[in-house]
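Number of protein chains: 2
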Amino acid sequence: MMNESTISPTLQNMGINAKKSSKELAKISSRLRNKALEAIAEALDSSQNTIIEANQKDIEIGNSVGLTEATLDRLMLDSSRLNEIRDGVLAVASLPDPIGEEFDARILENGLRVARRRTPLGVIGSIYESRPNVTVDISALCLKSGNACVLRGGSESVHSNVALATLVRNTIGEVGIPRDCVQILEDQNRSLISEMLTMKGYFDLLIPRGGADLIRFVGENALMPVVTGGIGVCHLYVDKSSDLGMAKDIIRNAKIQRPTVCNALDAVLIHSSVANELLPELAKHLAGDGVELRCDTRSLSLLGEQQFPNVIQSSPSDWGTEFLSLTLAVRIVDNLDEALEHIDQYGGHSEAIITSDYEAAQRFLNEVDSSAVFVNASTRFNDGGQFGLGAEVAISTNKLHARGPMGLRELTSYKWVVQGSGQIRE
Amino acid sequence: MMNESTISPTLQNMGINAKKSSKELAKISSRLRNKALEAIAEALDSSQNTIIEANQKDIEIGNSVGLTEATLDRLMLDSSRLNEIRDGVLAVASLPDPIGEEFDARILENGLRVARRRTPLGVIGSIYESRPNVTVDISALCLKSGNACVLRGGSESVHSNVALATLVRNTIGEVGIPRDCVQILEDQNRSLISEMLTMKGYFDLLIPRGGADLIRFVGENALMPVVTGGIGVCHLYVDKSSDLGMAKDIIRNAKIQRPTVCNALDAVLIHSSVANELLPELAKHLAGDGVELRCDTRSLSLLGEQQFPNVIQSSPSDWGTEFLSLTLAVRIVDNLDEALEHIDQYGGHSEAIITSDYEAAQRFLNEVDSSAVFVNASTRFNDGGQFGLGAEVAISTNKLHARGPMGLRELTSYKWVVQGSGQIRE
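Protein chains in written order, with the working numbering: chain A, 70 to 495; chain B, 70 to 495.
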């Protein structure tokens, strides 16, 4: 295990500057932080050519080293994507300021006024891959919530990330916010990532964004708190008493509406008494949607392999797999308990029940221990935008601090504010 | 760094049993959890002799190995202390159940009902020293909040701790709650503490209770989230415009009312324009209270060493010291900014300003970044009981999850509960 004394001077300086800037940022008014966000949006408009030029370098290098089409598409920036990024910044600017909000306020018997008041966390580090929009998204969310940030983007998008971060730094500097509230690590040496994970004294929170490997690596090795989220197996259980038309619609929506995201459906558990009626119909529709079904023995024999070319036998590892593709595991269960046990073993992210039975719905809501639990709705709703949080940093599967979609509030801490008139303790 | 494969079978089994029991406990009704707490209170009454006998063994061993009077007093249990422990359990039983409480509930435009619902964290580990009441306190708080716990008490109180934990285990077993919801590590081998700190897959949260060394050790080495609290330097600043009588009363209260606790005052910063009037009077009273003053050069020359035998020159390390005794550091500053800078460098726990100036009060509340910030009140109020949380697990100086006094709510997580009628995402 590395300790802080082995941190390279570059990172150490960034850490010191971040801490210092975060203290200045904490005193900066809501109005000035919003003004900075609006100025960033303007700069994104007026600097499209510069950004796209920088992005072209990444694309050229990506082409020459043979990045996949999918990766190249993820890192590509054009005018329309830059407009989306700009709109995202303006959306963050328009949200209520989480800082200074008071809650649990009360007057004690002795006359003391006690409240919890939201404060910035301090310094947030983010390590991310591919998509350069994260550079601006995280900067905007951190500025809005009064946090300084240190960014380390993917090496395949380094030119784009540096161009975007430079735009942000220059813009906030112009409106009077310390440039070092947003810093980006340009040096792409991977050992610096490991060093970042040991900088407990500098970072109050780390947010990894990207694939499961990155998120696990950061979660397992970081010495400071980490948002581990965005990964997990999502389940849907079709209960004995349920509207099978609704079940079919919700399963298709949860699986195909955007299969590459973390709240897309991975496994369906079907009560044995409705499997005969639901499964062949469902398999037919999903075949049309291009979905491959990985079926347990019972569901496989019910379907019969010949009729459905998109159906194969599941392997044991399928139950713990987040597919992120048009693949769905299917299992027949004999009751709610069996479904709950299965979910307890493999779930934790987003789980749904389709039921018209009151008691089954209540048990599912009570007993499933996941970041979001749904009755008669698609798992795809587990999202900060959908839940009305405005913006979303990540979907946490942690239990401490924040669980599920994390918005601006979840990027804050609080302090107790106590106003008295001379009270002493008896 | 140790990894989980090197965990001894004893601890591994305790971890597995804790996890399993926590899942059962999560389904147990509030009524049964309260019934268990009431039964524990009764058992504490009817088993006083057994507990006191076990405690006598600890006292005898403590005497023979030459523990200090203070330590022996901390670990001693008699009928009156057992009554206090019992009353504490009944107080926890009488608090509202944090589990199942919903907040931020709303109906979305599409008709989905979304809310956050409090859930247990899962398994809480606690590593503590000396005072055997912690065994019962933590057990009661965990049972009330639906969490299983694994306890590792101090070796000097092992007989008392095991007797109390056995009483708790037997009692909850009798009312129908799995005994392993409360487990105690009897093996006092210190290497097992280091092993506990690596059991990330088993413990959702660790709570160390005891001296600063223990809390720092756990905070720096644990791989899972830890409540680091109960340590920190507390400051009080007397502003230019302030009621000096109030200042004197609050300083004395914050320093002497209970000097051995974490929210007792460690350092006073006095505006130079009121130092002449306040300091000699204050020093006289504090001398009468038995308080030693460690003064910076300015305050020392103002007081003159001869007149006040309780006054000595401060050393640089005094500013970062939590005294936990009748010792107070004193410094004269020229303005609020100097006070804020000093507090920013050394504070973080509880800080107070004595002022009659509106702007100074607001700046202090806004700019001091500590778990609790006070205007015209004693730092001794930074306490769960005083703030109306009912019970207190610890006073956190973390920024993530919970800051300041942690009550039952702060021992919970939440999940998003979404109730629909067939909604799918567009």
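If you're looking for bench data, these hints aren't it; they were derived computationally from the structure. Errors might be hidden in some of the hints.
Since copy identity is lost for identical chains, a pair holds within one copy or between any two.
The list that follows gives simulated cross-link-like pairs (lysine-lysine, DSBU-like), each with its CA atoms no further than 30 angstroms apart [said to hold, decoys possible]:
1. K88 with K269
2. K88 with K317
3. K309 with K126
4. K353 with K92
5. K269 with K126
6. K89 with K353
7. K88 with K104
Now the hints, each set against the structure:
1. Within a single copy, K88 and K269 get their C-alpha atoms as close as 12 angstroms, and across copies as close as 29 angstroms, so both meet the 30 angstroms cut-off.
2. In this assembly of identical chains, the alpha carbons of K88 and K317 never lie at most 30 angstroms apart, being 51 angstroms within a copy and 35 angstroms across copies at closest.
3. Taking the shortest Cα distances, K309 and K126 never come within 30 angstroms of each other, neither inside one copy (56 angstroms) nor across copies (60 angstroms).
4. With identical chains, the CA atoms of K353 and K92 are never at most 30 angstroms apart, being 59 angstroms at best within one copy and 38 angstroms at best between copies.
5. Within a single copy, K269 and K126 get their C-alpha atoms no closer than 34 angstroms, and across copies no closer than 42 angstroms, so neither meets the 30 angstroms cut-off.
6. Taking the shortest alpha-carbon separations for K89 and K353, neither the intra-copy value of 60 angstroms nor the inter-copy value of 40 angstroms comes in at or below 30 angstroms.
7. In the homo-oligomer, the alpha carbons of K88 and K104 lie at most 30 angstroms apart inside one protomer (22 angstroms), although the nearest pairing across protomers, at 49 angstroms, exceeds that limit.
Going down the numbered hints, you'll see the structure goes against 2, 3, 4, 5, 6, while the others check out.
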